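Student: Chains as they are written, first to last, in the numbering used here: chain A, 1 to 220; chain B, 1 to 530; chain C, 1 to 430.
A hint or two may mislead.
[Said to hold, decoys possible] A partial selection of chain A residues facing chain B, derived with a Cβ cut-off under 7 Å:
#1 Gly-66
#2 Pro-67
#3 Arg-69
#4 Glu-103
#5 Gly-113
#6 Ser-116
#7 Gly-121
#8 Thr-124
#9 Phe-125
[Unchecked claim] 30 Å max Cα-Cα, derived DSSO-like pairs, lysine-lysine:
#10 B:Lys-187 - B:Lys-59
#11 A:Lys-151 - C:Lys-77
#12 C:Lys-412 - A:Lys-151
#13 C:Lys-241 - C:Lys-256
#14 A:Lys-151 - A:Lys-74
#15 B:Lys-212 - B:Lys-187
#16 B:Lys-86 - C:Lys-198
#17 A:Lys-131 - B:Lys-110
#18 B:Lys-110 - B:Lys-59
#19 B:Lys-86 - C:Lys-412
#20 C:Lys-198 - B:Lys-59
#21 C:Lys-198 - C:Lys-241
#22 B:Lys-86 - B:Lys-110
#23 B:Lys-207 - C:Lys-77
#24 B:Lys-110 - C:Lys-198
#25 A:Lys-131 - B:Lys-86
#26 B:Lys-187 - B:Lys-207
#27 C:Lys-412 - A:Lys-74
#28 B:Lys-59 - C:Lys-54
#29 C:Lys-241 - C:Lys-81
#30 C:Lys-256 - B:Lys-59
#31 C:Lys-77 - C:Lys-54
#32 C:Lys-256 - C:Lys-77
#33 B:Lys-187 - B:Lys-86
#34 B:Lys-247 - B:Lys-212
#35 A:Lys-74 - A:Lys-57
Note that these hints are calculated values from the structure, not bench results. Quantities reported herein were computed from a predicted structural model and do not represent experimental measurements. The beta-carbon is built from N, C-alpha and C at its ideal position, and this holds for glycine as well.
Now for the letters of each chain:
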Amino acid sequence: MSAPTHVPFRNPGWAGNTGEFDLTEADVRGTDFVGERPLDGGHESAAPSYPYMLPDKDPEAVLFEGPYRERFEKIRSRYPTARGALIPALNLAQELRGHISPETMDEVAALLGLASAEVRGTVTFYTMYNKRPVGRFLIQVCTNISCSLCKGEEVLDAFLRHTDTELGETSEDGDFTVIEVECLAACGFPVAVQINSRYYENVLPDDVSALLQRLREHGE
Amino acid sequence: MSTVTLTIDGRRVTVPEGTSLLHAAEEIGVEVPHYCYHPALSAPAQCRLCLVDVEGAPKPMPSCVTQAQDGQVVRTDEGLAREMRKGVLEFYLINHPLDCPICDQSGECKLQDYVHSEGRAHGRGVEPKRVFGRDDFGGDVLFYGDRCVMCTRCVRFMEEMAQDPVLTVVERGDRAVIDTFFEQGLKDSPWSGNIVDICPVGALVSKDFLHKARAWDLDHTPSVCPNCSQGCNIDIHTRDNVVHRLKPRENPEVNGHWMCDYGRGQYEWMNRSDRLEEPFVRGEGGWSAPGWDGALASLRERLEGCRGPVHAVASAHASNEDLGALRELAERLGGGDIVYRSPRAPDEVPMPGFPVLTRRRDLAPNTRGAELLGLRRVGSDDATGGLDEAAAATGALIVLGDELADQPEDFGSRAELFVYLGAHPAQAARSAHFVLPVTTFAEQEGTFTNVQTRVQRFEPALRAAGDAQPAWQVLGSLTASLAGEPVPASAAEAFGRLAAGVPEFEGLGYDRLGVHGAPANRPAAVAGER
Amino acid sequence: MAYPYVHEREVRVISRNFGDPAARTLDGYRERDGYRGLERALEIGPAAVIDEVKASGLRGRGGAGFPTGLKWSFMPKAAVKPHYLLCNADESEPGTFKDRELIRWDPHQLIEGCLIAAYAMGSRHAYIYLRGEFFEASQVIARAVEEAYEGGFAGEDILGSGTHIDVTVHVGAGAYICGEETGLMNSLEGRRGEPRVKPPFPAAVGVYSMPTTINNVETLAAVPHIVRYGGEWYRQWGTDKSPGTKLFCVSGHVEKPGNYELPLGFPMMELIEDVCGGVAEGRALKSVIPGGSSVPLMDVEDCRECTLCYEGVEAAGSMLGCASVIVMDDRTNIVREVRRMVQFYAHESCGQCTPCREGTSWMTQVLRRIEAGRGAESDLDTLLDMSAQMTGTTICVLSDSAAAPVVSSIEKFRDEYLALIHGGATAEVA
């Protein structure tokens with residue numbers, strides 16, 4: 001079998017043309033199956049299952065109103081304790097605001113009737129909560145063992161070089177924040193990179209510049 | 001209750017089923033080192049210092065949460081257990097600043113103790129140390145992050161006992177550190193001092209005590225907190241006759257392991273230097289200081305001619321013995337009304353996780369004792385007013401311990417005989433004929449009766465100021481000489497006399513009160529209601 | 001159909017729908033005989049389901065290899081309190097990438113497995129805990145769960161049987177340790193994902209203090225097939241002690257990395273040489289980590305006779321773990337890669353237990369120093385000593401995991417350490 005020909009460059013954001021198959025990106029990612037997820041979270045069973053990391057964030061967004069309020073209520077209904085809903089609620093807050101500030105912790109604590117310190121304890125335990133604002137695209141490069149064996153650190157360096165940033169720093173145009181991430185569980189497709197909500201696999205140092213250009217021009 | 005018998009370090013021990021190995025070891029006098037375990041808190045078994053070697057177990061077991069089993073063979077003192085401890089202690093020191101010379105905990109630090117007794121002679125860590133720095137948690141608490149051993153006792157105390165989870169671990173791994181919600185601090189928790197007590201190292205320290213004294217220079221005297229009627233058992237820590245801090249002393253019936261910040265903080269008055277140091281007698285030619293013998297001789301003379309109801313004003317800070325001696329003297333003189341004033345706080349402050357311990361409304365240690373002795377409470381909640389009758393008394397007037405701060409200058413000026421017994425000079429005692437210096441509770445031994453009607457002993461922590469004597473001694477000797485009886489020679493004897501006359505105290509031997517006190521008898525009427 | 005590679009020696013039971021996007025939908029899954037296992041389960045009843053799983057000899061695929069049927073039988077029979085089933089989809093052991101594939105290619109297979117397991121143990125609620133990074137996979141499974149509700153396979157009155165089981169898709173927020181079962185429970189309760197001391201065991205006191213069983217995605221994915229075709233059928237593959245098939249996640253320096261479903265007991269060299277097309281670029285093999293980054297490294301000698309089953313890898317001095325085979329060629333700087341793994345554990349240590357909190361970061365520092373050519377031979381003794389103090393001394397096995405590659409690499413590749421120590425950072429180690 002041959003690789004599909006409509007791939008714009010070697011790594012379009014999926015395992016690309018390294019395997020022996022003939023599938024489109026949508027086939028692999030299942031995007032057609034998923035369709036457009038409703039902002040209100042859909043069925044209660046699915047409400048805690050995602051938020052996205054989105055390029056556009058509103059640090060002042062209300063926690064929570066409109067369909068987001070509905071999603072929050074659905075989340076709340078799926079856990080026997082208020083604290084059980086904490087992580088999905090924080091995820092939702094980050095989806096809207098882009099990061100979890102002390103004020104956000106305080107507000108989420110109040111929404112769930114928890115102590116602010118408890119919320120801070122939880123937030124700081126998990127690496128996916130951005131404690132500070134990040135760029136439109138949060139680029140997380142895996143440098144763990146399998147990726148490390150396949151040039152993980154070189155890919156990380158390439159991202160830093162091409163965005164002209166230091167680790168964790170946001171580029172001047174506000175577009176990119178590059179960080180190192182621990183194993184993304186995509187070890188068979190090294191180097192694995194997560195950009196906002198999405199995995200980019202089989203990334204090599206030479207792909208980085210084009211990938212960034214594509215993000216600038218077309219978004220995710 | 002069923003028991004299990006096991007062998008620890010070659011010695012057999014029988015303990016109730018469900019006892020942890022750590023407590024079983026304690027039974028035979030073996031202390032298994034530990035940090036995170038605290039008997040009053042949940043046990044996360046995370047410090048890994050109390051690991052012991054259990055025969056047949058695949059791994060060393062945390063003795064704090066491992067239950068003793070019949071026939072178990074446990075080693076705490078050699079082989080694997082010792083090796084593991086040595087290893088864990090080395091890990092503790094990898095990032096520890098070793099700033100013992102400037103650390104308040106030095107001398108009472110469990111890290112120091114354990115490393116000294118079983119650690120490696122030389123550390124192997126050569127890498128740069130992690131630095132967290134210091135943080136002011138508000139109130140009296142200062143946090144030295146670098147000294148912290150991450151036992152999380154403080155976090156669990158705030159969660160489980162204060163039930164006000166203002167502390168948390170933030171971050172994880174070797175970046176983990178104890179903190180509050182950013183700058184929020186401990187939010188004026190009324191119990192925060194306890195986290196300083198239970199911190200096994202110098203991570204949480206008291207600002208009030210900061211750099212004041214070295215632990216090994218302090219004398220510890222068992223006592224009872226004088227700041228409310230709960231009567232928390234405490235140790236008074238002194239150096240060179242100065243009180244430096246109050247620490248809770250465990251009593252499961254009264255205060256558990258704890259005490260409140262209010263009680264803990266009110267000790268400076270014990271160090272007051274404006275003291276009455278010798279007896280004064282006011283005669284025709286003004287004040288004189290004839291010494292105890294002279295003063296008591298002339299007072300005895302005056303008392304002999306004095307009959308009829310007396311007016312007496314006492315204090316709920318005075319011990320049972322002091323109040324008993326006052327009552328006895330008053331009775332001897334023909335009876336009369338003994339009143340006392342005592343401040344009352346608007347609310348009680350219970351400890352949510354151990355509500356037996358409550359900062360009571362009565363902010364004096366012996367209001368219950370005063371009640372049992374038939375004293376009558378007067379005045380308002382701020383301990384003012386209520387003394388009009390006494391102020392205008394014409395017969396004998398005795399004041400014990402009340403500083404009369406709100407009273408007019410002519411207080412007692414009409415009294416035929418006005419005796420003032422106090423630790424501190426009182427403006428309103430200027431009309432007194434006798435001003436007799438007495439010791440504070442911190443300078444004498446005796447008992448208080450707490451809100452639970454529990455009689456608890458305290459010991460003298462300070463030397464008496466000047467020639468001050470305990471009030472029971474002064475009053476007791478007067479009564480004795482009036483009655484031609486022997487003078488009580490000790491607080492125990494004074495208590496014995498009291499016990500003979502007050503049904504609630506009957507049969508309570510002073511010696512048998514021990515370090516934790518004992519409940520007084522319930523009065524017949526109340527007992528009947530049961 | 002293939003994704004990304006397929007090999008003729010594979011036995012595709014749980015991976016049968018990999019590379020087949022049409023199998024994702026409820027209709028597609030039904031057309032491929034989906035939910036037949038659930039139907040059979042409802043027919044034969046909970047006790048018989050557990051017996052069938054016991055008979056299959058299925059062992060937990062999350063790494064520990066504990067017999068699944070036995071684990072299920074620990075749950076209290078009387079449903080006095082709510083029981084919970086947790087599906088561990090926190091896939092975070094470096095080298096492991098099977099669960100995401102199982103979820104995104106065949107979400108209904110996993111949901112069916114969850115429903116059968118929940119039914120067998122009297123659980124009213126199953127949570128599927130995905131690691132936070134799995135945004136895409138979480139949406140696929142979320143959509144599939146919605147379909148399952150719509151189709152009457154989940155929720156109240158499943159397939160008219162009167163059984164009520166809810167399924168909730170939960171995503172975490174980035175912490176390796178939430179893959180440890182009690183850490184996952186704390187995380188699901190909204191707490192820091194710190195592992196809990198055992199006992200009490202989850203079957204007695206688990207999530208929300210209720211009886212709980214937690215199974216890996218791959219374990220649950222096998223359940224519908226076992227229940228449908230029987231335990232004996234499953235035993236036709238694998239060895240006596242390691243029955244069935246297993247996904248092998250092969251990564252690192254091989255020509256064709258990917259997931260391969262093979263009978264347990266498959267020879268390691270054949271996996272590398274034959275199935276995966278050999279070491280990449282025709283290089284020579286130096287070392288293999290057979291079960292994810294927390295198991296001991298093997299050298300070529302160890303690999304030669306090694307068969308990939310629980311007992312086979314153990315005999316070769318390592319552990320099968322979750323069968324995450326990381327292949328390293330002859331150019332690999334072992335010290336560097338070991339340091340990278342230990343650095344990961346230092347980053348992921350929850351910080352509760354002292355040996356782990358302090359040990360993992362101290363180890364990283366020492367290894368970095370050696371890597372930079374500033375080490376001493378005595379550092380190797382210190383590392384081994386530290387490793388001993390970090391093994392079996394903590395609440396969970398994270399610190400054991402950090403120690404394993406250190407000890408095994410010093411044992412098998414001591415020369416590489418010595419080259420850096422004596423020759424400096426630029427020493428030729430490969």
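Student: Hint by hint, note whether the structure agrees.
Tutor: Here is what the structure says about each hint:
| no. | hint | in the structure |
| --- | --- | --- |
| 1 | Gly-66 | 29 Å, violated |
| 2 | Pro-67 | 30 Å, violated |
| 3 | Arg-69 | 25 Å, violated |
| 4 | Glu-103 | 10 Å, violated |
| 5 | Gly-113 | 12 Å, violated |
| 6 | Ser-116 | 4 Å, holds |
| 7 | Gly-121 | 3 Å, holds |
| 8 | Thr-124 | 4 Å, holds |
| 9 | Phe-125 | 5 Å, holds |
| 10 | B:Lys-187 - B:Lys-59 | 42 Å, violated |
| 11 | A:Lys-151 - C:Lys-77 | 52 Å, violated |
| 12 | C:Lys-412 - A:Lys-151 | 24 Å, holds |
| 13 | C:Lys-241 - C:Lys-256 | 29 Å, holds |
| 14 | A:Lys-151 - A:Lys-74 | 43 Å, violated |
| 15 | B:Lys-212 - B:Lys-187 | 25 Å, holds |
| 16 | B:Lys-86 - C:Lys-198 | 24 Å, holds |
| 17 | A:Lys-131 - B:Lys-110 | 35 Å, violated |
| 18 | B:Lys-110 - B:Lys-59 | 25 Å, holds |
| 19 | B:Lys-86 - C:Lys-412 | 28 Å, holds |
| 20 | C:Lys-198 - B:Lys-59 | 13 Å, holds |
| 21 | C:Lys-198 - C:Lys-241 | 26 Å, holds |
| 22 | B:Lys-86 - B:Lys-110 | 14 Å, holds |
| 23 | B:Lys-207 - C:Lys-77 | 56 Å, violated |
| 24 | B:Lys-110 - C:Lys-198 | 26 Å, holds |
| 25 | A:Lys-131 - B:Lys-86 | 38 Å, violated |
| 26 | B:Lys-187 - B:Lys-207 | 16 Å, holds |
| 27 | C:Lys-412 - A:Lys-74 | 54 Å, violated |
| 28 | B:Lys-59 - C:Lys-54 | 28 Å, holds |
| 29 | C:Lys-241 - C:Lys-81 | 34 Å, violated |
| 30 | C:Lys-256 - B:Lys-59 | 40 Å, violated |
| 31 | C:Lys-77 - C:Lys-54 | 16 Å, holds |
| 32 | C:Lys-256 - C:Lys-77 | 47 Å, violated |
| 33 | B:Lys-187 - B:Lys-86 | 39 Å, violated |
| 34 | B:Lys-247 - B:Lys-212 | 15 Å, holds |
| 35 | A:Lys-74 - A:Lys-57 | 23 Å, holds |
The structure is inconsistent with the numbered hints 1, 2, 3, 4, 5, 10, 11, 14, 17, 23, 25, 27, 29, 30, 32 and 33, although it conforms to all the rest.
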